[in-house]
Structures are given as C-alpha cells and as structure tokens.
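Chemist: Sequence:
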Amino acid sequence: MYRVGDYVFFENSSSNPYLIRRIEELNKTASGNVEAKVVCFYRRRDISHSLIQLADKHAKELEEEKENPTETELTEKQKHQLRHRELFLSRQYESLPATHIRGKCSVALLNETEAVLSYLDKEDTFFYSLVYDPTQKTLLADKGEIRVGPRFQADVPEMLQEGEADDRDQAKLEEKLWDPECPLTNKQIDQFLVVARAVGTFARALDCSSSVRQPSLHMSAAAASRDITLFHAMDTLHRHNYDLSSALSVLVPAGGPVLCRDEMEEWSASEAAMFEEALEKYGKDFNDIRQDFLPWKSLTSIIEYYYMWKTTDRYVQQKRLKAAEAESKLKQVYIPTYNKPNPNQISMTNGKMATVNGAGPGAYHAAGGGRACESCYTMQSAQWYSWGPPSMQCRLCVSCWMYWKKYGGLKMPSRAEGPEERTSPSPASNESRPRGHGPRQSNHMVPMRNSGSPKSSMKTKQAFLLQATRLTKLARHMCRDIIRLRRAARRPFVPINCGAIKAEYPYATHTHTHTHTHTHTHTHPHPDCPYQPPHLALCPPSVSFCFYYYYCYYYFCFCILPPPVSNKDCLSS
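Its first residue numbered 1, the sequence shown is counted upward by one per residue in our numbering.
Rather than coming from a laboratory, the hints here were simulated on the basis of the structure. Among these hints, one or two may not hold up.
Simulated restraints on C-beta separations [as the list claims (entries may be wrong)]:
#1 S50 - E174: 49 to 55 Å
#2 A269 - S50: 52 to 58 Å
#3 S50 - T378: 32 to 38 Å
#4 S50 - C376: 46 to 52 Å
Here are the simulated lysine to any residue pairs, SDA-like style, with alpha carbons at most 20 Å apart [claimed, not checked]:
#5 K77 - K37
#6 K284 - V131
#7 K37 - L117
#8 K60 - Y119
#9 K37 - L279
#10 K406 - L117
#11 K331 - E61
#12 K60 - K37
#13 K57 - D133
#14 K310 - T300
Where is the CB? At the ideal position from N, CA and C, for every residue including glycine.
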C-alpha cells in the first residue's frame, strides 16, 4: 500500500537504476489508471561533474564545522557506497504511472549529529542536504538558519533599581503615533473618520483608473473604507495636534482630495492571477514567487498583498475548492508486487549465454559460459543480468544487480573508476536517463576483469615500442626552456623557432671553414672542434647544436685523453 508522502522507487527503464521520488498526489485518470504526482530526487550520477565537486566541498565544510567530527576514518568501500546514498532534492514535479512503483525507500535530510555510517547500516535509506535546480544547474543548501544575534534579538538592558532614573532619550527609542488622552471625544473622532471615507470615495470618482477598477459607487465606497484610508486619517489628525479643521484641510488640499491605496487596490487583475498561479506552484516561498512570476514587485509588496488576499472571498472560495478536491483525491493505492522477469536476465542456452524475456532463476551458473560479476567478481549466481552495451558482454550477479537498480552504482569500488563512482557504460537502449547531466564513461574504457578468468579478458591490441637513440635523448636536454618538447610534440606540424635558439646560443651557430687532413672541406660550429661530419652541416641549427655537444664529448675522449691509437685512426673510425 502506497500513500501520499511515501518515498518510492520508480522504474522507467529495465537496464537503468530506479528513480527515487516522493508521492505528492494520487490521481485517477479518465481511463481508470492511477497517476502519481511526484517530487524528483537526483543521484550524483545525474548531475554534472562541476556540481559534484561543489557538493563534496559543501560536505567537507560541514564536517569541519562539526563540534565532534567523525572519529573513525571511513574505508574506501564505505566512502564508495556512501556516495550512492546521497541524493539531491529538486522543486521539479512530474506525473508517473503508479504501476511503475517498485517499492518503498526512506529519504531524510542529512542529520549532522548522526554518524554517516548509520545510513549504510539501513537498507534502502538515502539522505540529502542540497537542492538541485535542473533548469539553472545550481545547488543550494536546504536548511534554515538559527537567527541569533543583535540583528534578530533585542539587547535587553539590565533592570533598573528601585528609584533609579532612566537616562535614555525616549524620543530616540520610540515614536508616539496616537495619544489616547487627546482632547477629542470618541464621537468627534468617528465623525472625522466618516469624512475621511467620503473624501476617499470622491477621490476615486475623480480618478480614471479607479473608475475602471471599481465601476460602481458601492465598490468605490468599500475600497475607501479599507484600513489604509483610516490609518492615514488618524495619522493626519495626530500630526496636527488633533485640530479637526487643520486635519480636514490636509485631506482636501488645493489640488484635489487625497487618494490612499493599498496593495490590494494597486495590483491589476492579471497580476493577481499570476500571484495565485505562483502561490499554487511554490506555496509561501515569496522569494521564488518574486523571481519567477513578479520580478517588478518588491518583496514587501508581495507579502503585504498575500495577507490582504487571505481576507478576500477569493481566498475563501479557493480554500473550499481545495478541501473538496482533497476529499475526492486518492489517499492511498495498492500496487501488487512486480514479479515479471527483467529483459536483462541471462539464460544459459546450449552452454552459451542468451538474454531472453522470461528467464527464471535456475541452477547456479558456473564460470564456463560467461564472465565474472563486474562488481564482486563472483563466478556463481542463481541468476545473471546483462549490464552495459551488448558488445562488452558485462554481467552482474543477483545481489549486485539489485544494488545497481536501487543505488545507481556498483557495490565494490574499482580502480578503473577514478574519483567518482563507477557507472554503467551507456546501455544499448536510450531510455530514461536524463541526458546532459550524468558523467560519461569514455568509449575506450574496458571494465576490470577477474584475473582468475582467462576468458574474461578483452581482445588485446597490438602494442609497439618507441626506442629513442642517444642523440634523441641528448637533444631532449638541450635548449629545454626554449624548445619545450612537450608542447612541440602536441603540434608536430608547427616548425620550431630556430631564431630564438640562435639568439640564445650564438657561438653554437657560428661556423668556421677549414681544411682537414681529409680530402674534403667542411664547416663546424666551434674553432676547437677538430672535425664535423658533412651531414651535420645540412641539419637545422637546433639539431646541429645538439650534435656539437655530442661530438665534443667524443673529442674529449679521443683527442685530449691519451688515445690507444692515433687521432687519425680514431677519427677515421
């Protein structure tokens, strides 16, 4: 039996995890089916990576603010599974068929005084602390604040002793708005208020906009009798020291009678309709009402209008209609246990795996016909379920499949996951999952396999080895601050700036021509170098500079040190 206010699992895809929703209403359609109006909750896998980082930062700040932080350090497995219990509340509503309900769960606002491990100990239990806006892609904290301090509480002075005088200036502390001991009698005050109402009615007759809003004399008189007119009249009488003649002259100045309007009269019919629509959607969240429906109104104006609107017949009628609708709506609905086979079930046919509808639980399947479980790496299970695209042939055991459906992740952490929880590779069917929110898994990622299953490894790709020569290794260390090999490697078709190298090492690019004992003429970069091969003169200056150091090393070994053979033999070799 499912009732309004229950947190439930909804299934809208056979391969994706359950949706977590809270039932707000149960409505019966014209066809006789039951639909549930629900509040949406989102998992970590449903929001962007940048917002996940923001949520982790918020959780870290909450942990630091605790008076008694968590004493026991969580293991990697506990951290991994705790991420699956975190949800994000949204203000988004949707209608789903009640027949898609797959069970109840529990969702609670994160209790800062409770240990986080308590959420792992309870089955089908989730928590949330932030509100996610799928339209604006924002996260906000969903908690109030305790308003303590001089901004919210008055500073109460110490109690005066008996006979002690109060030295404070009373004029700065308070303002008198009405003197109950005024010289006027109650009859005179009532007569003055009647005159003020008459002035207000006459002022509305002269005002064109008021004649459109209150076309009849009765409506104008009712509007003139509202509190705004009476408050203005009494304030005017007090400011003129209760002199009736002076107060009347202020109510009817030379330019015409004074017209006083409150928020109920200032708002147009279209604005009133928008306010009622916003109130139906957001409730008494006046900030959201102002932001999304009435941005040209001040927050003070909206709140004042709300409390005036509650005194009207319109509010009374709506309240009666809502009460009648609530009586006619369903309070609960019975949904039988869903026991149809999942299309992702794997059956063993002639020693081979096959995914068929209606595959019931049979004998334990051994490792001979398939892979290990992608989560717990077991090779035996009463039933297997395909997981991910068919080309990868991944599968989960019964326990891990139920964990995946309920919590939206794999039970055991994997080294292939990275910082976030591992999610399923994009399933073959493009069902249900909100696009654009969840983290993607790259197409080239291969799931971790059980090392004990040789058949579970993917097809290997041919590898190659790049073995650098000595000259290449030497060139990596020359002009490192100018060449920047890593950046140059990313742009192989952009030539290296040899001018900067020439400016940095001018002596290396300066050449001298001389005749060696050999029969040819050549160039070399340094006057002390005895020989430079002919192919060096054809190299770019940067490579020539590297060759220069290489051959200087040979010159030092064979020319300066006592050679075992003659220089001529060494050089010719």
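Chemist: Each of the hints needs a verdict: does it hold here or not?
Modeler: Checked hints:
no.	hint	result
1	S50 - E174: 49 to 55 Å	52 Å, holds
2	A269 - S50: 52 to 58 Å	44 Å, violated
3	S50 - T378: 32 to 38 Å	36 Å, holds
4	S50 - C376: 46 to 52 Å	32 Å, violated
5	K77 - K37	36 Å, violated
6	K284 - V131	17 Å, holds
7	K37 - L117	32 Å, violated
8	K60 - Y119	18 Å, holds
9	K37 - L279	18 Å, holds
10	K406 - L117	18 Å, holds
11	K331 - E61	41 Å, violated
12	K60 - K37	34 Å, violated
13	K57 - D133	18 Å, holds
14	K310 - T300	16 Å, holds
Checked against the numbered hints above, the structure breaks hints 2, 4, 5, 7, 11, 12 and satisfies the rest.
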